[in-house]
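A.B. asks: Chain by chain, the residues run as shown.
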Amino acid sequence: MTRAELVEWARDIYDDLDFTVVRQWLAEHPTRKAAGYLPVYAPRELLHATGFLPVGVHGGGDRLEIIRGDAFYQSYICHLPRSVIELAQSGRLDMLSAVLFPSTCDVIRNLSGMWKLLYPDVYVRYIDVPQVPDPGAAAEFWAGELNHLLDDLAGVSGHRPTDDELRHSIAVYNETREMIRTLYALRRERPWDVPTEELYLLLRAGESIPPETFLARARQYLAAVEADPKRPRDNSRVVIVGAFCEQPPLGLIKSIERAGCYIVDDDFLLGNRFLTHDVPADANPVRALADAFIRNDMASSVLYEIDPMGKRNLMKNRVAAASADGIIFATPSFCDPALLDQPMLRAGAETAGIPCIAFKYAENTGQFQQFREQAGTFADSIKLWGAA
Amino acid sequence: MSCVVGIDLGSTTTKAVILDGNGDVLGRGITNSRSNYDLAAAVAKTEAFINARFGLIEQRVEATETAEAVAILRRAFVMEQLLHQLRRLEVLLLEEVDKSAPPQLARPFREAIEEICRRITAEEEARFRQPALLRSDFFRDAVGSAFMRIAEQIGDPTGVSFDRLIGVYDKCIIRVENEPMDLDFRDHIGDALARVSNPRLADAVEYAVAYDLTPAATVGTGYGRARLPFPKEQIRSEILCHGLGAHAMFPGTRTVLDIGGQDTKAIQVDGAGIVTGFQMNDRCAAGCGRYLGYIADEMSLGLHELGPLAELSKRSVKINSTCTVFAGAELRERLSLGEKREDILAGLHRAIVIRAMSLLARSGGVDDEFTFTGGVAKNPAAVRAIRELIQENYGERTLNISPESIYTGALGAALFANRMVA
Amino acid sequence: MAEALKDRSMVLQKEMIANHFERLAQAPETGEKVVYTFVPGNLTELIRSFGALPVLPEINALQSGMRKLSGEYIAEAERAGHSEDVCTYVKCDIGMMRAGNIGPGGTKLPKPDLLLLSYTGCYTFMKWFELLREEYDCPTVMFHVPYQGDGKLEPEHREYMLRQLREQVIPALEKVTGRKYDEEKLRHHLQLSAMAEDDLVAVLQAGKTVPSPIDGYFGTVYYVGPIFSAFRGTQEGVDYYRALREEVEERSALGLGPITPEGPLEGEKYRLVVEGPPNWTHFRDFWKMFADEKAVVVASTYTKVGGTYDFGFRHDPNDPLGTMADYCSGCYTNLNLPARIDMIVRYIEEYKADGFLINSVKSCNSFSAGQLMILREVEKRTGIPGAFIESDLVDPRYFSAANIKNRLESYFQMIDARRAGRTA
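Protein chains in written order, with our numbering: chain A, 1 to 388; chain B, 389 to 810; chain C, 811 to 1234.
For the record, the hints were derived by calculation from the structure and aren't laboratory data. Here the structure is a predicted model, which means the values were calculated and not measured. Please note: incorrect hints may appear among the correct ones.
With a straight-line Cα cutoff of 25 Å, these simulated SDA-like cross-link-like pairs (lysine to any residue) come out [said to hold, decoys possible]:
no., chain 1, residue 1, chain 2, residue 2
1, C, Lys1162, B, Thr664
2, B, Lys620, C, Phe1209
3, B, Lys620, C, Pro1074
4, C, Lys878, C, Lys1098
5, C, Lys1190, B, Glu784
6, C, Lys1162, B, Asp658
7, C, Lys962, A, Asp151
8, C, Lys1098, C, Thr1019
Put together the whole structure using the sequences plus the hints.
C.D. replies: Here is the structure:
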């Protein structure tokens, strides 16, 4: 497939609020079930091993009109949950037999309780991840949670995986993570060859298809990129920070790129990259998954930061790792984790002399003029500043 | 005859309804709400009583005279009222000129004012003889536009300029509106009768003048109800009044949606019109009539033009932001992208109705029958959008909209007053 | 008689709070150690057993709200880059700190020697102490209380909390205070807690009496103050709740209504259950809107954020660490939505309420996200329509008196109309 064909394939999946690919998969696998998970981190290996198709639930973006969802949420709560409720209340998520709600914030947490009441036949679990990298109590707690989840999921799917099957699922997701690291590295090195719009669509498609299919498509995409190199432009290199839960509309990503910015690192679909290292596929699988989370060194706004210098250094480190020129804080309105973190992150960035701008969006934001202007001015000022 | 009064002190208009002992409507009155709430209530009430007395005239002459004759008398009455206010306005204007005009301009200024008032009087008299199109009966609207037009014609940029004339007008019109004036039936019906010189009406007029209409009870409601000079027992919430009023207009009503200027209410009522649940819009103004007001301003259109223009749309644009603050920006961006005005407007109407839909859902959904009230119920595009969305989400529902829907709250208040005497 | 007794509990409370802030102000001189922690899941007995003094930032923020200082504090934090969208307790606290950290007692609050981050029922707590840690050079210890996602305390979660207490929290306190963990001392404090809790529950459950001798929301906010803050497990706490209980029982025996800022409320007309925290910037005006209508709140959920005692839980000196884990897990905001709904429905039934109201505050997603679902479910299960109003904790910009009054009036009149309809 060509680059354009792959992007169109991904875009179709992204645009399709009826989750046709998921429904097709279920039709082709009549004994299997699908399970949804909300942002940010969910242990997809367990879903995979118990036979579920893992499906990322990210709301309907700017493609969904909210009619029922607003009846559940006050105007000062972010857009994501009302969009998810809208999808569910309109029957678009009725193929999910289980839904996992990670401890990303209290809004998603409480949504788990709403789901229990609204859809009593669906398996619902709040995923309370450990907040400190403590290899003792926290690892044991998390392993306990994973085992509990595994038992429950096996009960719902009717398939209790062997340790080998669990190890296989871990290996598949190790490969997925490796692939995503490769894609991000390539974009970091040659952002002109991997526009973020394309990368994002590919990853979004990956949220609705089996990981094996995603891997096959991603390999095709890598090949297509090599076959279709683009010319570098004199763009500024930016890191987009804060968009880890409610996803920005595609138009926002495009606007930033078209305004003269190469996005060289971001928080989009962060759950994909939450584990930074391979999970050992030869150990006790559940324990290995638990330990991987505890040993994980992905710093983000999602988890508690144990290092008192962590917030101050995070932006400096990310900008350095991505050889970026500046940071755009693009944060969903009313997003507690991102907005409460921002003053700390921004102070750290500014102390390190990193140029920053900040704006807020909602997944259904319909106008991008102001973002284009800000991002464009930012890109230009970085160049002027760098040249001076 | 024993009667009761209901007053609905809204954010833009104040309404009054008078009921007889059977709960039948005797008269309705409306005026623009103004800084002086007491006065607005008094004016609306006076208007309602005037209407009630004209109703009596109609009854009385039914056998002998045409409805047309009463209508002419009525027009004469309205004109007498207007001329009375105009004379008062002129006095105030002249006083203001004496007080504030530069000495060298005092004379031409007075003459200009007198000339404008003379012309308005002549226009009104001509209008009475040859009725033109309908227009607002509010004194401010009727006189304001004429004053502006004539001031433009006779204003002298080097002397008594348009700006000067408008300056004194703006000062005085507020005073006219906010001082109590004799505008009652008895004050002007004599002059009106003389003007139409129709002796066949004299007996009926005499009958109507003498007729005893003493309110046995008055109940107030509306946004400004706390400012009505009534004891607490005579105040009812808008929610209760809207519910009962809608029930009286359409007894099958179970769900009421009221979209007004300041707020939106979704109300559920039982078979007796008693409210069983309600929701009002949150702090955010999105989804209220006010949102459409901003859009109209942004497009330099009149509020009443929005709906009909949106109705021309063949392909509605999806509008994401119902945020009043962002509405202007989104609108401009859409226009710059080449979207048609009517398509954007159709999308905007749908967007505000969607907000109302979520309030309806919060209040318990849409039961049959569904009654839509408030200023926005007059907007055809909003009505169309609500019809579609209810069909999509709740299935077939009877949709009631009364031409008198603006009086729903006042009617409910009057019904509560009726219960107090019963 | 009743008036004199009322004065006694109020005087006691005033004294104990004044003494506490005085001690805090002196702490830099006396060398007493200061531990900042949060109301839900506060480990006061443990802190006290180490001879340290607790500081509760939420209490300071709400006090700033009541003293009309929060608006300026929030503005200060927003000028410093904090978002308009987020929790105003946090911004008020940061603003207060920047303005010199003068606490509710009018004296300067000491810096923390330890930030004890009890992550119980509120995500924002983690960010709050991350933010404070940027300002204070002191250790932070995290205590993760797992959320009751499935509506119960799971044994593994209890075990996890015990391990954290033993392996993280106690060592941190030992290090900061230089004292060894003394379980006997802890048991002593827990014993005192249980005594005060018995009396508090008697006070709360007085709301079941018709007419109610207490206001279970506005009035009870004062009643729970000591036990939610620094005085659980102290003799002052025990004395206060004993005095309060005597007063309330006396009012109850005499058939008297609750005390409000406008004086005693007689002729109770509406009995309500309230969900959600109050607004603090206009607390008295808000209360008056109820009192003027002779509406009495008979029970509320907010008064359970610092611990849920009325369904039987008491601190148990025989299981010192386990009982603290049980306590933390049961705090209201750590309960899932179905459990919260059950609690409200139970209150409506047991306290013979004829209405319920949700005060939805913009600041607090832990409370607010899902409240419209709570409204719907409670209405469905009780057949009683609820009222829904919006305000904020300490942001004066988010209190629209006219709007709220309008809704409350409409709501009370609806209850009247329904009653009239029922009897007709």
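A.B. asks: All hints are to be evaluated individually against the structure, with a verdict given for each.
C.D. replies: Evaluation of the provided hints:
1. C/Lys1162 - B/Thr664: Roughly 19 Å separates the two Cα atoms, so the pair holds.
2. B/Lys620 - C/Phe1209: It holds: about 24 Å lies between the C-alpha atoms, which stays within 25 Å.
3. B/Lys620 - C/Pro1074: holds (21 Å)
4. C/Lys878 - C/Lys1098: holds (17 Å)
5. C/Lys1190 - B/Glu784: holds (24 Å)
6. C/Lys1162 - B/Asp658: holds (24 Å)
7. C/Lys962 - A/Asp151: Distance ~18 Å between C/Lys962 and A/Asp151 Cα, so the pair holds.
8. C/Lys1098 - C/Thr1019: holds (22 Å)
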